[in-house]
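Peer 1: Sequence:
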Amino acid sequence: VCVCQLTTGPSEESSPTLTLTFFFTASGGRWNCTESLLSGVQWVDAGDGHVVAIGQNQQAFRLTGSGWSNLGSRRLEHVTVGAAGVWGTDESKRVYKYISDDFEHVPGMILSQVDAGGDGAVVGIRLGFFGFNSIACLKKSFSTSVVGDGQLQWKTDSMLMKYISCGPQLGCWGVNMNRIYFTEVRSFSPTTCESQGWRHVPGPNMNMIKVGRDGEVFGLSEGSVFRRTGITFYNREGSGWERVHLSSGQDVKHLTYDQDQLWVVTTDSLLLKCSGARSSSVLMMIVGSLIVSLLFH
Numbered sequence: 063v064c065v066c067q068l069t070t071g072p073s074e075e076s077s078p079t080l081t082l083t084f085f086f087t088a089s090g091g092r093w094n095c096t097e098s099l100l101s102g103v104q105w106v107d108a109g110d111g112h113v114v115a116i117g118q119n120q121q122a123f124r125l126t127g128s129g130w131s132n133l134g135s136r137r138l139e140h141v142t143v144g145a146a147g148v149w150g151t152d153e154s155k156r157v158y159k160y161i162s163d164d165f166e167h168v169p170g171m172i173l174s175q176v177d178a179g180g181d182g183a184v185v186g187i188r189l190g191f192f193g194f195n196s197i198a199c200l201k202k203s204f205s206t207s208v209v210g211d212g213q214l215q216w217k218t219d220s221m222l223m224k225y226i227s228c229g230p231q232l233g234c235w236g237v238n239m240n241r242i243y244f245t246e247v248r249s250f251s252p253t254t255c256e257s258q259g260w261r262h263v264p265g266p267n268m269n270m271i272k273v274g275r276d277g278e279v280f281g282l283s284e285g286s287v288f289r290r291t292g293i294t295f296y297n298r299e300g301s302g303w304e305r306v307h308l309s310s311g312q313d314v315k316h317l318t319y320d321q322d323q324l325w326v327v328t329t330d331s332l333l334l335k336c337s338g339a340r341s342s343s344v345l346m347m348i349v350g351s352l353i354v355s356l357l358f359h
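In my numbering, the protein residues as written are 63 to 359.
Don't take every hint at face value.
Cross-link-like lysine to aspartate or glutamate pairs, in silico, EDC-like; alpha carbons within 20 Å at most [as the list claims (entries may be wrong)]:
no., residue 1, residue 2
1, K335, D322
2, K335, E97
3, K335, D276
4, K202, E166
5, K315, E97
6, K315, E299
7, K217, E256
8, K315, E139
9, K155, E166
10, K202, E284
11, K315, E284
12, K155, E139
13, K315, D152
14, K224, D152
15, K224, E153
16, K217, D181
17, K315, E304
18, K315, E153
19, K335, D313
20, K155, D181
21, K224, E166
22, K202, E256
23, K335, D110
24, K224, D110
Hints were generated in silico from the structure; no laboratory data involved.
Using the sequences and the hints given, assemble the complete structure.
Peer 2: Quick look at the structure:
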């Protein structure tokens, strides 16, 4: 399906101009979903084989076997899990890291969203004036250490974003203020938080985007789920988007992906665990990564 976006803007003569953006979407296979026994879910994140969520009364939970258990006592809006551990933010946008049995405050930055899915570094969205939110990054040496009394050195990036997600295979993807998403070619270096630049990728208006550890990329647009297609070891940006059809048929307000499982939160605050066919291009990329690793180690 060819989709067109129409935007308006000023020209040199101060008269309106029209811009058409073309991108192609395909219809993907059906994903079978089952409801998870956790009520009032607002947020979910998965990484490194772990799943965490925010349920009723802003209580954080983690998946233990087939059930859910409380994760600390701190009331949080967002929670994330990955190589850097478990992190979260509260209503005041303060940042926390889960240490031992509870979340401890991490000083130095106010974030509206945080992501721990990269290769040790933690990234997030730094609140700015008039909605001009930028990117913040905490390098691996800080993110994986125990939080102390000292001020941690967050590094900021001038790129304006409203949502960001990182993975060790593909780097970072983000959504900016105009709901246009980007991909960073070589990710944030986990040891330095240095960025290699961002590239615009055409597609539907995204509310959020999520990168899996295995290289899969999923996005959410007006309640519908999309998956990035054409991702290979040599073309990490991919080539198109396909709509994911969930067996539940419900609209989605948040999603995450890890270890072949797509987790979605519906607009009714139900948490669904969904399984579907993996992208063959991503499988080829994983095999290529393993071959390179064997050859050079």
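Peer 1: Going back to the hint list, which numbers does this structure go against?
Peer 2: 6, 10, 20, 21, 24
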